[in-house]
Each structure stands twice: as structure tokens, then as C-alpha cells.
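Colleague: Spelled out, the chains give:
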Amino acid sequence: MIQIPTNTKLLREILVAFIRNEVEKTGIKRVVVGLSGGVDSSLSAMLAAEALGPKNVLAIMMPYKSSNPESRADAETVIEKSGVQPLLVDITPQIDAYFERFPDADARRRGNKMARERMTILYDHSARWNALVLGTSNKTELLLGYGTLYGDMASAVNPLGDLYKLQVWALAEAIGVPLAIVRKAPSADLWHGQTDEGELGFSYREVDQLLYLMVDQRYTRAELIAAGFAERFIDEISSRIMNSQFKRRLPIIAKVSQRTIDHDFRYSRDWGK
Amino acid sequence: MSIRVAIAQINPRLGDLQANLSLYEEKIRQGIKERADLLVFPELSLTGYYLRDMVPSVALSDRSPEMRKLKQLSREIAFVAGLVEESADHRFFNSAVYFEDGAVRHVHRKVYLPTYGMFDEQRYFARGDRIRAFDTKFGRIAMLVCEDLWHPSTIYLAALDGALAVICPSSSPLRGIVDEQSQDDNARYWEMINRVNAETFSLFMIYGNRVGFEDGVGFWGGSEIVDPFGQRIAKAKYYEEAFLVGDVTLESVRRKRTMAPLLRDEDLDLTINELMRIRERPVAQKQVQKFKSSKVQGRGKSKKK
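Residue numbers (the numbering used here), protein chains in the order written: chain A, 1 to 273; chain B, 1 to 305.
No wet-lab data here; the hints were simulated from the structure. Check before you lean on any hint, since a few could be wrong.
List time: in silico DMTMM-like cross-link candidates among lysine to aspartate or glutamate, alpha-carbon distance up to 25 angstroms [as the list claims (entries may be wrong)]:
1. A:K25 - B:D53
2. B:K256 - B:E199
3. A:K273 - B:D53
4. A:K273 - B:E66
So the derived label-pair ranges between C-beta atoms look like this [as the list claims (entries may be wrong)]:
5. B:D129 - A:V256: 35 to 41 angstroms
6. B:R232 - A:I253: 46 to 52 angstroms
7. B:E240 - A:I261: 42 to 48 angstroms
8. A:I261 - B:G216: 46 to 52 angstroms
9. B:S61 - A:G176: 51 to 57 angstroms
10. B:H151 - A:T260: 33 to 39 angstroms
Listed next, the stretches of chain B that the computed footprint assigns to chain A, with coverage defined by at least 3 CB atoms under 8 angstroms from CB atoms of chain A [as the list claims (entries may be wrong)]:
11. 205-218
12. 268-278
Where a beta carbon is used, it is the ideal one built from N, C-alpha and C, also for glycine.
All chains, full assembly: derive it from the sequences and hints.
Modeller: Structure representation (C-alpha cells):
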């Protein structure tokens, strides 16, 4: 049994400092976060409340008509518990207006569209409220590419991007995210009965252990097999990581000049800050 | 003699020389107020760490007005600055500069520039080519910058060159979460080597690390002063800004070296002879490989199945 470290006291200290530091150095004091009622966004919102004060965190709930009402109820318990500012924006009208023209769109297209509509709402309110968009993608989904490019993957600062799902669960429990949220089956809630683990075909527990050894500990394929992982599983995950690399990078730029963005024009994002 | 050493555990602005110079001035004033004799700033704290293509635009030469300002500030208190130094032939160095009584007394150009994992220093910086102890009005000391200390040869040389204290300005990133530990794994490792080095070489380790985040990378702080017996004289908090002050009594170096005269017994000739032998060896081995076992050359015996 591989133990992924979950020093929640230290993680909390670091991530709270991270949010405070990376947000405030831009001259901005507030964040907006999309709050679904799932464990990732609940944790992100509560960490931000601790870092910036709950009055400086705007949690936007953006349900669609088919969203599970329990998600909304869970989001509201987080708002109540953390004291962050709530805002409800029902995305049903804008989604339905669009798909009236494209009624044959499948679940994936509809799900991606919803994720991207939510992104535009977050960015609009970040402009209205002079705030940064706070990310909620964890390391597991970033590595697997289990997210919508320019949708839920879009943010300015992301405190959870280096935490595996198991670490998110542990930290969420430690900082007081309601246990009902921590323990429920993770779901993108794009259609009724959808669960991450059902859709992915493996459990977070299994894949996190593999990813931890593969990515963090740099185990070779042979070493992973020796550690007890099935070859098919290793190969499936390897190709998922490889084939979703595009989601973790900026668009490819054709180099024609002497100095090209991303190739040989290299500055930190915190340039001058 | 007791020397009051202060460490400014600061969070500089990346690439903003003027803002950081003001921060230096503020900390220098604080050092004077707290009656410190010597103030240590972290590695690249006048410029920020993840400079990348900013390196040439924040580099200072001896004629830069910022250097004049720093010299001026050192009339009241000696200090170690961490900055980008540009040489006359336009190489850029990650340097620790020792200012005392209105002048630069010593410059240490970082020798070991980490260029692996999250680090890319050798892409932007030229490598220093010397490790020297030097005399200050307080006694003989040496400066080593961050990664330099991960190579035991550097502190070995500094100690044998007579350093009674080693100042290490650092921009050490926090990384590695370990259960049941109040600091990250990198911090744990540094604290171990600071203590081992102080005890092994019977000198003071003055370790000044920064805090803050640059592009999501945090710096763990935890600056410290460790005496030759391995005891912590002063320790700053992790992950937060701090102004650490500790009294360094160089007499305890004498006491420790009397009790355990390890440096006295060090056999330099033996070390040099063995190093010469080791330096020659890999070349010889490479030639053997080339002729006896290279498949490309077609000279090796190939086993046929």
C-alpha cells in the first residue's frame, strides 16, 4: 500500500499563504470561485476565505436545470459555514438558447459548453468585482485531462493543482468542509447519475497511487509493474497523460521571429510583482 | 568578541530593483536600530529569483547607481546583498556581495547553478570559478550561495581557507510534503546540512533564506544561525517574513576547535593527491571503453547467439 503524504496542517499553511501572496501581489484583494458543492470547489473557497477573509470571496453557484439539487444544497452549507459572499446564476436560459440551434449535440458537447459558460460568468464577475478567478482543478484531473479546456480548467490562481484527489479529501476534512461533501461520490454533475469514477473506469484511490509513483517518484514502467500495477492500467494512464498534454499548455505558436513567446521570450508570470 | 548578526527574511518583488532597494534600506535601518553589526540578505533578494529573461535588465555593474547607494548604506552597517552582477565582459553572475564601511570587500559568484527539475540557472547565469574566505573587521568568513552548499567541497575549501563563519544567502523553494513534519522536506534537508556543516567544520553557519511565492513556487524561510557545536542560536519562522537577530561569539569556534581539532588534522596533501588521481581516472576509462566495447566502432567482440 503506497502512502501519499497528506500533512494537512502543513498543506493548509502553505496553500493559505500561497493564495494570500499570489493574489495580493497583483494589487487585487478578492477572488471569485465557481462553487458546485463538490469537494474541490468547497475546499478552494474555504482556503480562500481563510487567506483573504470571507468577505473577499465571491462564490458563484451556476446550476443547470438538470443539476442535482443536492449539489446546490451542499454549496449552500459551505457558504453558510465559511461566510463567503454567495451569488446564484442559473445557466439554463443561455445553454438552452444555444442548443435550440444544435439540438443533436451529445452529452460531451453539452457538458463542455456548460463548463465554458460558467467560465465566462466567473471572468465577467471577476471584472465587475475587481477579483481574480480562483481555480479548483486538482492534480489528478489535470494529469488525466479530465476537465474542460478553457472551461473549469481556466483560472488565475489554483491552490489545488498540485494535490491529488486523495490529498484534497484529507485536507477538505481537516479544514472543515462538511463531511457529506467530502464523502459523496465525486461528479461533474453534467447529467443524472454521472460519477467521475464511473466515467473514468477506475477509482481515485487506484489512480492516485499510480500517478504518485509515476509522476512524483519517477517510477519506470517496470518498477510500476513490480509495485503491483496491471500493465494495461499503467499504459492506459500513461497515454491519458500524454494525450492531454495540450490541455496543460498554451496554444502552439509558429516560430518565425528571433524571439517568440514561450520559446525564447521567457518571463515569469509574476513579472514585476 | 560577540557579533550581532541579523538576517532579513524578506519577500522581494520579482524584477523590481527599485522596490527591493527600498526594502533593503528599510531592513538596513531596522538592523541599525537593533544594533546589528552585520546584516544578511537572501540570494537574489535585490532582484527576485525566477528572473529568466529579466536577468540582463536587473544586473548591476560596479558603476551602477544602485551599487553606489548600497556602498553608501554600508557606512553604518556591514551587510551581504544577493544580486545579479554583470562583469565587464557582460557575463551575469548570481552573486553574494559583502559591503563594509562604504566599500565592496568581497564578491562570491555562485559556483553551482542548479539546472535540473524546477531550476534553470545555468541558462541565465555564468558560473563562478572560485571559493575564497576573506577578512572582515569581525574576522575571517566565507560566503556560499544556496546550491553551493549541496556540494561538500565548497565548505571544505572555505573552512580550510580559514573561515570562522560561513554565510549562506539562499532562495530555497519549499517542496516535498512529509507527514508528521512541521516543515517541508527541503527545509528538513537544509537544517540537517546546516547543522552537520557547522559541527563538522567547527564554524558558524549563517543561513538566510527568503519567503513569498513566485509563480506558485514558495520559499520556506526558516533562516537560522547554528554555532560550531550544532546548537541553533537563532531560528526564524517558516513561510513568513521575519527579522532574525543572533549574537555570534567567535570564541566558541576556538573552544570547539580545541575540543575537536578536526581541521588541524586535515591532511591537505593527501586530499590533493587523491583528487589528482581521481581526476585522471575517468579519462583513462573512457579510452578503454572506446576501443574495447564500443559497438559503433565495431571493434568489440560481439557474441553471436
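Colleague: Indicate whether the distance between the beta carbons of H151 (chain B) and T260 (chain A) respects the range 33 to 39 angstroms.
Modeller: Since H151 (chain B) and T260 (chain A) have Cβ atoms about 36 angstroms apart, the given range 33 to 39 angstroms holds.
Colleague: Take a quick look at whether K256 (chain B) and E199 (chain B) sit within 25 angstroms of each other, Cα to Cα.
Modeller: The given pair, whose Cα atoms are some 9 angstroms apart, holds under the 25 angstroms limit.
Colleague: Are S61 (chain B) and G176 (chain A) spaced within 51 to 57 angstroms by their CB atoms?
Modeller: holds (54 angstroms)
Colleague: Honestly, do R232 (chain B) and I253 (chain A) meet the 46 to 52 angstroms range at C-beta?
Modeller: The hinted range 46 to 52 angstroms holds for R232 (chain B) and I253 (chain A), with Cβ atoms some 50 angstroms apart.
Colleague: Are three or more residues of the segment 205-218 of chain B within 8 angstroms, CB to CB, of chain A?
Modeller: With 6 residues in contact (Cβ-Cβ under 8 angstroms with chain A), the coverage given for the segment 205-218 of chain B holds.
Colleague: Cβ-Cβ distance between E240 (chain B) and I261 (chain A): within 42 to 48 angstroms?
Modeller: violated (35 angstroms)
Colleague: Does the Cβ pair D129 (chain B), V256 (chain A) satisfy 35 to 41 angstroms?
Modeller: holds (39 angstroms)
Colleague: With a cut-off of 25 angstroms on the C-alpha distance, tell me whether K273 (chain A) and D53 (chain B) pass.
Modeller: Judged against 25 angstroms, a Cα distance of about 15 angstroms means the pair holds.
Colleague: Do the alpha carbons of K273 (chain A) and E66 (chain B) lie within 25 angstroms of each other, as the hint requires?
Modeller: holds (20 angstroms)
Colleague: Taking the beta carbons of I261 (chain A) and G216 (chain B), is their distance inside 46 to 52 angstroms?
Modeller: Since the Cβ atoms of I261 (chain A) and G216 (chain B) sit about 20 angstroms apart, the hinted range of 46 to 52 angstroms is violated.
Colleague: For the pair we were handed, K25 (chain A) and D53 (chain B), check the Cα-Cα distance against 25 angstroms.
Modeller: OK: K25 (chain A) and D53 (chain B) at ~20 angstroms, within 25 angstroms.
Colleague: Tell me whether the statement that chain A covers the segment 268-278 of chain B is true, taking a Cβ distance below 8 angstroms and needing three residues at minimum.
Modeller: violated (count 0)
In this structure, the earlier hints numbered 7, 8, 12 are contradicted, and the remaining ones agree with it.
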